[in-house]
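Chemist: Construct the entire structure; sequences and hints are all you get.
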Amino acid sequence: MRLPIVSPDALSDEQKPLYADMKQGIQASFKGFINIRDDGALLGPWNPWLREPKFGKPVWELVKAMVDKPSLPPTVREVAILVTGAHFRSAYELYAHVLVAEQRGLSDEKLATIVAGQRPADLTRQEAVAYDFASALVNGGVLPELTYKAAVAQFGAHGAAELSYLIGVYCMVSVTLNTFDVPVPD
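With numbering that gives the first Met the number 0 as the guide, the letters of the sequence shown map in order to residues 0 to 185.
Everything labelled a hint here was simulated from the structure, so no lab data went into it.
Please note: incorrect hints may appear among the correct ones.
Calculated lysine-lysine pairs in the DSSO-like style (CA-CA distance at most 30 Å, straight line) [unchecked claim]: (1) LYS56 x LYS22; (2) LYS53 x LYS63; (3) LYS68 x LYS56; (4) LYS148 x LYS56; (5) LYS56 x LYS30.
Now the in silico label distances, taken between C-beta atoms and shown as ranges [stated by the list, open to error]: (6) ASP37 x ASN138: 37 to 43 Å; (7) ASP20 x THR178: 18 to 24 Å; (8) ASP180 x GLY155: 34 to 40 Å.
Backbone N, C-alpha and C define an ideal beta-carbon position, used for all residues, glycine too.
Modeler: Below, the structure is given as structure tokens:
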């Protein structure tokens with residue numbers, strides 16, 4: 000780990016309101032994995048974002064927008080997030096979202112296959128569209144027209160856009176976690 004964890008009692012005046020907003024948002028929307036230490040310190044991507052409020056605050060605002068009343072089904076979201084995390088080999092992201100995906104009903108077999116960078120054979124139609132969409136984007140280049148049309152057919156134009164932004168946010172999360180070598184909690 001490249002950054003020490005910011006202790007709540009060591010926060011600057013600039014960090015305090017961001018910390019309070021992040022802590023409340025984490026407790027409300029990011030359940031099922033370790034993300035806050037016993038002393039209240041934030042783990043995962045939140046610690047690097049908290050250390051640099053100029054960048055962390057706008058990223059956090061985008062993350063909050065993505066979790067506020069999403070239109071995509073929970074398993075579809077998790078498939079896209081895990082494809083992204085697997086592409087970047089982002090340990091903390093995979094740790095967190097495997098646990099979340101289990102709670103949302105994805106089987107261990109599907110999860111193991113996605114984390115290994117492969118496409119499970121037993122995805123639902125919507126999960127398959129999310130897998131193909133995320134896989135195409137994280138591998139670079141323009142999203143294939145047929146993949147885009149399949150997403151619009153399954154989720155509508157708004158849902159396809161949401162899927163794109165979700166993958167983009169989790170690219171940012173993965174890069175943050177990998178830049179600062181954020182570990183999986185003990």
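Chemist: Are the hints correct? Go through all of them and say.
Modeler: Hint check results:
1. Our distance criterion of 30 Å between C-alpha atoms is met by LYS56 and LYS22, whose separation comes to about 13 Å.
2. Proximity of LYS53 to LYS63 is assessed by CA-CA distance (about 16 Å); at most 30 Å being required, the pair is judged to hold.
3. At roughly 20 Å between alpha-carbon atoms, LYS68 and LYS56 fall within 30 Å of each other, so this suggested pair holds.
4. A hinted pair counts as satisfied when its Cα atoms are at most 30 Å apart, and LYS148 with LYS56 does not qualify at roughly 34 Å.
5. Taking the CA atoms of LYS56 and LYS30, the gap is near 21 Å; set against the 30 Å cutoff, the hint holds.
6. With their beta carbons about 40 Å apart, ASP37 and ASN138 fall inside the hinted range of 37 to 43 Å.
7. Checked against the given bound of 18 to 24 Å, the beta carbons of ASP20 and THR178, roughly 22 Å apart, stay inside it.
8. Distance hint for ASP180 and GLY155: a CB-CB separation of about 39 Å, consistent with the stated range 34 to 40 Å.
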